[in-house]
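**Q** Build the full structure now, drawing on both the sequences and the hints.
For reference, the chains in residue letters:
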Amino acid sequence: MATLTDNVNVNEAAIAAISDRYDEPAWLRAEREAALRSYAAMPFPTEKTEEWRYTQLKRFDIAGLELAKAPKDESISERIRMRIADSDAEGVMVHKGNQVVLKQAQIKEQGVVFTDLRTAVREHEELVREHLYSVVNATQTKYTALNSALWENGTFVYVPKDVEVELPLGAFTTADSGGIGLGRTLIVVDVNARLTFLDEYTSEPFDERLFFDAATEIVLKDGAKLRYVSLQNWSRNVAHMNKLRAHLGRDARLESVTVSLGGDAARAEVESRLEGPGSESEMLGLYFADEGQHFNQFTLQHHATERGFSDVLFKGAVRDASSATYSGMIVVDPGAQKTDAYQTNRNLLLDQESEVVSIPQLEIAANDVKCSHGSTTGPVPEDQRFYLMSRGLKPEVAEHVLVTGFLHEVMSRVTLPKVAEYVERVVQAKLGVPGVKEKL
Amino acid sequence: MSDKTLEIRNLHARIVDGEAILKGVDLVVPRGEVHALMGPNGSGKSTLAKVIAGDPQYEITEGDILLEGQSILEMEPDERAREGLYLAFQYPVEVPGVSIANFLRLALNARREEGDEIGVMEFYQKLQRAVKELNWDESIIERNLHEGFSGGEKKRSEILQLLVLEPRYAILDETDSGLDVDALKVVSQGVNAARGPEFGALVITHYQRLLNYIVPDKVHVMVDGRVVRTGPKELAMELDQKGYEWIREAVGA
Ligand SMILES: Nc1ncnc2c1ncn2[C@@H]1O[C@H](COP(=O)(O)OP(=O)(O)OP(=O)(O)O)[C@@H](O)[C@H]1O
Ligand SMILES: [Mg+2]
Numbered sequence: 001m002a003t004l005t006d007n008v009n010v011n012e013a014a015i016a017a018i019s020d021r022y023d024e025p026a027w028l029r030a031e032r033e034a035a036l037r038s039y040a041a042m043p044f045p046t047e048k049t050e051e052w053r054y055t056q057l058k059r060f061d062i063a064g065l066e067l068a069k070a071p072k073d074e075s076i077s078e079r080i081r082m083r084i085a086d087s088d089a090e091g092v093m094v095h096k097g098n099q100v101v102l103k104q105a106q107i108k109e110q111g112v113v114f115t116d117l118r119t120a121v122r123e124h125e126e127l128v129r130e131h132l133y134s135v136v137n138a139t140q141t142k143y144t145a146l147n148s149a150l151w152e153n154g155t156f157v158y159v160p161k162d163v164e165v166e167l168p169l170g171a172f173t174t175a176d177s178g179g180i181g182l183g184r185t186l187i188v189v190d191v192n193a194r195l196t197f198l199d200e201y202t203s204e205p206f207d208e209r210l211f212f213d214a215a216t217e218i219v220l221k222d223g224a225k226l227r228y229v230s231l232q233n234w235s236r237n238v239a240h241m242n243k244l245r246a247h248l249g250r251d252a253r254l255e256s257v258t259v260s261l262g263g264d265a266a267r268a269e270v271e272s273r274l275e276g277p278g279s280e281s282e283m284l285g286l287y288f289a290d291e292g293q294h295f296n297q298f299t300l301q302h303h304a305t306e307r308g309f310s311d312v313l314f315k316g317a318v319r320d321a322s323s324a325t326y327s328g329m330i331v332v333d334p335g336a337q338k339t340d341a342y343q344t345n346r347n348l349l350l351d352q353e354s355e356v357v358s359i360p361q362l363e364i365a366a367n368d369v370k371c372s373h374g375s376t377t378g379p380v381p382e383d384q385r386f387y388l389m390s391r392g393l394k395p396e397v398a399e400h401v402l403v404t405g406f407l408h409e410v411m412s413r414v415t416l417p418k419v420a421e422y423v424e425r426v427v428q429a430k431l432g433v434p435g436v437k438e439k440l
Numbered sequence: 001m002s003d004k005t006l007e008i009r010n011l012h013a014r015i016v017d018g019e020a021i022l023k024g025v026d027l028v029v030p031r032g033e034v035h036a037l038m039g040p041n042g043s044g045k046s047t048l049a050k051v052i053a054g055d056p057q058y059e060i061t062e063g064d065i066l067l068e069g070q071s072i073l074e075m076e077p078d079e080r081a082r083e084g085l086y087l088a089f090q091y092p093v094e095v096p097g098v099s100i101a102n103f104l105r106l107a108l109n110a111r112r113e114e115g116d117e118i119g120v121m122e123f124y125q126k127l128q129r130a131v132k133e134l135n136w137d138e139s140i141i142e143r144n145l146h147e148g149f150s151g152g153e154k155k156r157s158e159i160l161q162l163l164v165l166e167p168r169y170a171i172l173d174e175t176d177s178g179l180d181v182d183a184l185k186v187v188s189q190g191v192n193a194a195r196g197p198e199f200g201a202l203v204i205t206h207y208q209r210l211l212n213y214i215v216p217d218k219v220h221v222m223v224d225g226r227v228v229r230t231g232p233k234e235l236a237m238e239l240d241q242k243g244y245e246w247i248r249e250a251v252g253a
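So the sequences go chain by chain: D and W.
Going by the numbering used here, 140 is the number at position 140 of the first sequence; the sequence numbering is gapless.
Going by the numbering used here, 215 is the number at position 215 of the second sequence; the sequence numbering is gapless.
Please note: incorrect hints may appear among the correct ones.
Going by beta-carbon spacing under 7 Å, a handful of chain W positions derived as facing chain D [to be verified]:
#	residue
1	Ala53
2	Pro96
3	Gly97
4	Leu106
5	Ala110
6	Arg112
Pairs of lysine-lysine, DSSO-like flavour, derived with a Cα cap of 27 Å [unchecked claim]:
#	chain 1	residue 1	chain 2	residue 2
7	D	Lys221	D	Lys370
8	D	Lys394	W	Lys185
9	D	Lys439	D	Lys394
10	D	Lys225	D	Lys72
11	D	Lys103	D	Lys72
12	W	Lys218	W	Lys185
13	W	Lys154	W	Lys4
14	D	Lys394	W	Lys233
15	W	Lys154	D	Lys394
Source of the hints: derived by calculation from the structure; they are not laboratory data.
Cβ atoms here follow ideal geometry from the backbone N, Cα and C, with glycine treated the same way.
**A** This is the structure we're talking about:
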């Protein structure tokens with residue numbers, strides 16, 4: 001059985017060094033110290049911990065890793081440049097190691113803040129202080145505690161009341177050396193404001209192992225709307241751990257999609273807390289594990305108040321001795337009447353060597369609610385395969401068509417066509433569709 | 001038999017490790033002719049159609065299927081299709097997330113050499129011609145394959161694909177059931193458009209009505225996994241009036 005051990009580099013000296021380096025305000029130092037205490041007090045997950053039972057913990061081990069340093073090379077790869085050009089974003093930022101290597105934004109809407117988190121602490125201290133750690137903090141998991149204590153930089157977005165940011169904003173996170181990498185995104189969308197944001201994690205392969213710990217905090221005030229994409233396509237030497245959590249005010253709406261394609265192992269915890277009446281959270285997910293990859297997904301739809309709507313659709317495929325897990329939870333608090341909550345997980349098992357575990361769950365403490373959950377796991381339907389082959393498609397082409405068609409249901413609901421197309425291209429490349437890899 | 005036929009010879013087939021369904025089918029469809037296959041529910045007509053197309057649900061225990069003199073038993077379904085066989089299914093499946101246009105492009109390209117893929121213009125012209133032949137709205141080609149299609153629309157899609165793929169031999173399994181009168185005419189027109197010296201078809205149906213539009217050269221009757229009678233087109237009318245009981249009695253089935 002795998003047991004995880006601590007990392008000697010995670011200590012008080014390390015956080016003091018960060019606070020000193022950036023001359024951080026006292027409140028932030030105090031937060032980091034508290035987070036570190038909380039980290040130290042929390043045991044590492046084991047396979048006996050319910051939430052981690054099907055996780056191959058060793059693949060997320062941090063023992064012996066150093067904290068991420070400056071990148072070896074601050075340049076941005078051609079591929080990432082193309083991704084930026086293709087993203088239609090009116091503001092982008094590139095994080096590499098602990099550095100921001102690109103920041104460009106020409107945001108025409110008034111009062112929008114889009115900057116790196118470090119700069120935000122200096123220039124928008126009150127905004128940051130009010131919201132940082134309000135959604136993702138050291139109380140949640142060993143890894144949110146680690147991130148809360150040790151993050152060095154990240155992305156900060158604030159959209160003021162009534163402002164609609166028309167074009168997407170995006171952050172690309174990359175790396176060229178191993179260790180423990182930390183990323184943090186804090187998005188605050190104020191009353192009746194709107195935003196579309198893309199967080200993309202990607203790298204060219206490098207030799208060392210990188211453990212990347214990402215925290216995404218989303219605050220949606222009353223009537224705010226956010227479309228959020230988390231796209232994980234790291235090179236295969238990376239293990240990715242991501243807590244992506246949103247708090248939704250009255251009538252706020254979140255449309256999120258969490259995509260896991262790259263890395264050696266990845267865990268995405270996607271959580272919405274519906275705090276304001278009438279708020280809506282659509283949480284989509286797509287994953288495709290091949291060549292031994294291991295992907296964990298966890299969703300939480302927490303209805304803390306009445307008239308909330310939430311809809312989870314996670315679809316994935318596994319092949320070549322890979323594994324995926326999904327576990328989902330709908331929590332409806334007492335008093336959260338007239339809740340509508342749906343949760344669907346569907347998996348394609350493309351060979352016998354691969355494995356899927358799917359555990360949908362409900363915890364309902366109100367009586368006037370509509371909730372449903374469903375989960376399926378199975379091979380490509382034989383009748384569909386036969387149908388396609390009866391038209392002359394070779395078996396491998398039939399399989400490509402069926403897998404992409406199966407996953408298409410998720411991407412067809414993403415209202416960002418460029419992102420949807422890119423994800424479909426990566427999926428096709430993983431499937432070995434001829435001529436696609438070259439175009440990525 | 002001659003070169004230009006689809007020939008079923010003493011064919012016995014069963015569900016894999018299960019019950020026998022075809023118990024010695026003999027049948028010849030020459031290229032250039034259209035034959036009808038009739039028979040009571042459950043007699044094995046669809047099974048025969050799917051076995052010819054290579055459905056892995058079934059296994060052949062005896063006999064042979066010859067396409068222009070060559071056995072196709074060892075061929076996968078896709079190879080059979082590329083050799084010019086086509087089955088319009090009685091119950092076409094829904095394939096989510098794949099548009100008719102993309103699917104047909106892949107199906108056409110599967111018949112061509114790598115590097116010689118069909119041009120965009122040529123493809124759309126071909127597709128549009130077929131859509132028009134069926135009096136259909138062009139937007140249909142962007143819809144996902146049979147997703148949310150009505151019963152009749154699925155049948156129409158099967159004929160659309162036939163027109164685009166231009167097989168040498170087609171088996172139409174109850175393409176007429178579920179069609180309204182207008183659609184029946186349109187679909188028959190589609191099949192008649194494909195008709196010619198290079199095209200052979202086996203049309204499975206329960207109704208004389210269809211055979212008024214697609215006039216068969218011969219009619220075969222299947223009972224309990226065997227073709228028990230073959231006759232001219234008038235045989236279909238006789239069945240329409242008298243049912244199957246007299247045939248059962250005549251053959252002692
Ligand atoms: N995959 C299968 N599993 C179980 N039974 C099957 C299967 N395929 C065929 N059968 C059985 O074999 C028999 C013949 O079925 P088939 O569909 O070929 O009949 P049919 O002549 O096409 O009937 P219909 O006119 O109703 O379409 C039926 O009893 C049917 O239930
Ligand atoms: Mg039938």
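**Q** All hints, please: hold or fail.
**A** Taking the hints in turn, this is what the structure says about them:
| no. | hint | verdict |
| --- | --- | --- |
| 1 | Ala53 | holds, 5 Å |
| 2 | Pro96 | holds, 5 Å |
| 3 | Gly97 | holds, 3 Å |
| 4 | Leu106 | holds, 6 Å |
| 5 | Ala110 | holds, 4 Å |
| 6 | Arg112 | violated, 10 Å |
| 7 | D:Lys221 - D:Lys370 | holds, 25 Å |
| 8 | D:Lys394 - W:Lys185 | violated, 34 Å |
| 9 | D:Lys439 - D:Lys394 | holds, 23 Å |
| 10 | D:Lys225 - D:Lys72 | violated, 38 Å |
| 11 | D:Lys103 - D:Lys72 | holds, 19 Å |
| 12 | W:Lys218 - W:Lys185 | holds, 21 Å |
| 13 | W:Lys154 - W:Lys4 | violated, 30 Å |
| 14 | D:Lys394 - W:Lys233 | violated, 38 Å |
| 15 | W:Lys154 - D:Lys394 | holds, 23 Å |
Comparing the model with each earlier hint shows violations of hints 6, 8, 10, 13, 14; every other hint is respected.
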